[in-house]
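Taking the hints into account, I'd like the entire structure generated from these sequences.
If you read the protein sequences in the order shown, they are chains A and B. Take 1 as the starting number for the first sequence in this note's numbering and just add one per residue. Take 1001 as the starting number for the second sequence in this note's numbering and just add one per residue.
Keep in mind that the hints were calculated from the coordinates and are not lab data. If a hint is listed, it holds; no wrong ones were tucked in.
Derived lysine-lysine pairs resembling DSS-like cross-links, with alpha carbons at most 27 Å apart: (1) B:1105 with B:1084; (2) B:1104 with A:532; (3) A:521 with B:1075; (4) B:1157 with A:479; (5) A:521 with B:1182; (6) A:244 with A:264; (7) A:418 with B:1157; (8) A:527 with B:1105; (9) B:1105 with A:521; (10) B:1232 with A:476; (11) B:1232 with A:479.
Heads up, incomplete: computed chain A residues facing chain B, CB under 8 Å, no partners named: (12) 499; (13) 501; (14) 502; (15) 508; (16) 514; (17) 524.
Given the structure is predicted, the values throughout are model-derived calculations rather than measurements. Ideal Cβ placement from N, Cα and C applies to all residues, glycine included.
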Amino acid sequence: MPARTRVTASLLSLLPLLPLLPLLPLLPLAAAGAADGIPGSSPAAFEDVQSHGGGYRVVQWEWTYVQTPYVIAVWLLVASVAKILFHLSQRFTTVVPESCLLILLGLALGGLVLLASERQPYQLEPALFFLFLLPTIVGDAGYFMPARLFFDNLGAILTYAVAGTLWNAFCTGFGLHAAKLMGLIDERVQAGMMDFLLFGALISAVDPVAVLAVFEEVHVNDTLFIIVFGESLLNDAVTVVLYKVYISFVEVGVENVQTADYFKGIASFLVVSVGGTLVGLVFAVLLSFLTRFTKRVRIIEPLFVFLMVYLAYLTAELFSLSSILSMTFCGIGANKYVEANISQKSRTTVKYTMKTLASIAETLIFIFLGISAVDKSKWAWDTGLVACTLVFIFIFRAAGVVAQTWVLNRFRLVPLEKMDQVVMSYGGLRGAVAFALVVLLDDKRVKAKDYFVATTIVVVFFTVMFQGLTIKPLVKWLKVPRSTSRKPTINEEIHERAFDHILTAVEDIAGLQGYHHWRDKWEQFDKNHLSKLLLRKSVYRKSELWEAYQKINIRDAISLIDQGGNVLTSARLSLPSMTSGASFPDAANVTNYLRENGSGVCLDLQVIHNIPGGKVEEDMETHHFLAENLYKPRRRYQSHYSRHFISAGAKERQDREVFQRNMKSRMETVKSGRPKRHKKERNAKKRRGSEDKAGRSGGQRGKDPVGVPLGSDEDEDQGERSDPEKEEDVGITFVAVKAETPKRRPHSVAADAHLPWKGVGVLWPPPCVSLEATKVIPVDLQQAWNQSISSLESVSLPRHEGGRAPRPISYTPPGGPVSPPPEEDEEEDETRPLVPSLKAALKPPPPRVYLRSLVTAPPPPGSEDPCARGPTQL
Amino acid sequence: MGSWLMRPERQQQLELEQRHGQQQQDQSHGQQQQLDQSHLQQQQQEQQQQEQRQRYEELAHKSGFSRKQIKTLHKRFRHLSGNKEMMRREHLDAIPQLSHNPIKKQIIDAFFDKRNQHQGMVGSYEEITLDQFLMVMSHFRPLAHISRGEERQAASKQKLRLLFNMHDKDSDGIITLAEYRKVVEELLCKSGDFGDQVAKAIARAAMLEAADKALDDFYEGITFEMFQLMLKALELESRMHIRF
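Right, dumping it as structure tokens:
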């Protein structure tokens, strides 16, 4: 094989040269089967060499042994590096979509390959595409499909997917046939009507991969996106059936087709689509049910998700049903229950892995598309065919969209505007599915296969590159409403819920059985039956409301720190299900916590999970809720304090200073509208420091940690550990990254990292902890709470331990016992001169603080405002 | 005013339609009195029809519903009120589908709220007629497909006003924190997704958020303007409606 030797040579001599790295995969990927025997034979050869003597060879060349995985890995590496390179220039990628660049790269690579070898060993293999690349993309799309939006627009989506695709397929097919009859298409293209219909069927379907790749960068509004994207997913059934029906028709010959066959085709469509959907839903139920019981095997939880979703795809393929439909509905159906059942870490893992896989699959698909195009065997060019196809698919798509929208708008409450229609027509991108299908054609039966392949490549390139490139300016020019990456506020979320209920109620009162009526019916069914079956007992239902809720908490926490560590709102930081955003720091903290208590509990995470009985869990939840409400504030500032002040060495302190300063500057970027904050914050910290010192000198924590020595090192670790973790989290959310980043990080450090209970959903502390902590909850919760609040609220009066409930031993800071007295004195000295300025700064109490006091507790006596009225009664 | 000018033309059409409809109704009701209906009664009936037609016309003008929609709603109204002209709270309370709606009470209250009639009155009715029923219903009427910016804004404002009135129990033009909190808690608790505590916490957070957005110096509750600001992003005009 000349290709192999050539590449091997280049590998040996030019290994460090990255540009040539892409050449490596030249070795046939498809030869994986051929390489099967190699793993066995190669070690044998190795032994041979050893036993026969003849000198021991220090280094051996084992290329055949590693070839297949090596080639795959290198391909993945090339694709990933390509992505990095594309995104080096921000401005460039905002103009040119990634898919275009990838195809261009593919073309370049294909050219190199063609130079190296006479033929093209690398193609987009249909089997590879349909079995591995496509499922990763569809799985990701289905699982993270916004279900509500999808079902709200299901009618439109189905119309476009079924009627639209049928219309496109028939019209393109007949149009091409007519063009052929009129002599527009060359005689060399040996194709009859059935061939053209077949070609029309496979070229007419909008491609999910291309649509995702292009539309994700365009950011059109949600409705528009879901309609185009939903269509591209759901038209799979139509495409599959048409393709199969026509192939069978071509095989038996047009003249032998009986009327019954047409009806069989229709029946087949129903079976394929409904069957695929059902398979998906069955797997969705299975998956949800399975994840109910994975509590003790958290570590493989994500695997269940991938396996079941993939199995849904394969099972549908097995019965030649619509696999895309199956996978999509499996994802949509299972998402809600799975997300509620699995742990936060698993959720993160699932999300990250799916996105990674989908992204890399998409990259590979486009690169392979580019490479596949550079192949002499495919250059069966016929200008007439190409031009007619391009014109027809564009015209018929536009006509179909306009006609269907006209019909749909008579039923839709929110009509689709003209510009929506333009974007929808223009966004009808064709892609790899069409290419894979056309490659699958049998050239003995379909004589014009080569022409079709060439035309398909041109169509795909034209739609992805030209339309993909121009759709962004078009959307801008048409002023199509864009999607906002902004997350809804709590009030918006609440009112969205309220709308649902109001509209249902109005429909009920008006005696109508409309959409809301049935949605409500479904929700009732879900609540009464499905959720009971598929959800864990202790699971709180998560919703977008939670996210908004959490966001405001984080924002609040930041502003709290800004304003001097007001603790009032921290009660809201402490809900049982607010475990998201805290994983690693939590684990670290629980660990510390356990060590400090000397409970001798095994720190293995899996063991920590093992708590018998559902009732215990419920109790724990209640307990956590209460415990957090009461004690977290103190915990927080303590740990904060200890993080900052407890350090022994000067160098460490310096590090910490830097760290703190970084945090401050981050917060500053968030709250840039607030002057003087910096000073206040510092003052507050000092204050908290002194307060805490008083507390500690009171002898509340006289316990030595058991086991691993704790202390500043560990503390520092935490701070640093939590930071990258957060960064990761931000990356996962995929939305509003810029706005979120500065908000989340400080939160993670200042509040999150030191709240062990936040890991409730993730890590269940062992029962012994629970018992111990339960003891310390005072009977007069509210009073103690208020007292602690007001003591902290009256900032200018450091009333150290004044009216506070005794601090529980179990809540000692994780910082460790090291607290050198000299340093304390030093800090105290620093604090004193600052107190007057603090008073001055806080004399007119900032409205925010005041407000908070209105909401959560009676205001401190010092800050009584004449304007205080009704709300105070809260 | 346009519809008044066009009235003579429409009247004939309307008359035919009404008569037809009425006859159908009569048949369906199958009253025994019809057996010995006299000429007088027929005249009365015609008069009634005339009145009803006029009434429908007026209602259509006032509420923006089409006559057909009004007819359907009137039928429903009579069905709910047990064939009476006035409807009481109990009638709405008795609708079985409403039983699990978490904000049932507020919605029913909205129907009996005088503020939702746009006549500058405050307080609540004991009983409502079809007019009032339709006026409240008209808040949920979808917009015409070709409506301009001002119309949209007006519609949005009306819908918001209804929502606001729903929250503002004591009709003082301000949703106090207590009022808002109650609404949110009821909504969240009764729908069963959250526990009591959690709902309370969310309510608190929501209030803080509202406060955070709207006030700079002093806080006394959510005014309508603030409410508008708060829910601006929701695009009420394209959302809060159903198909009649």
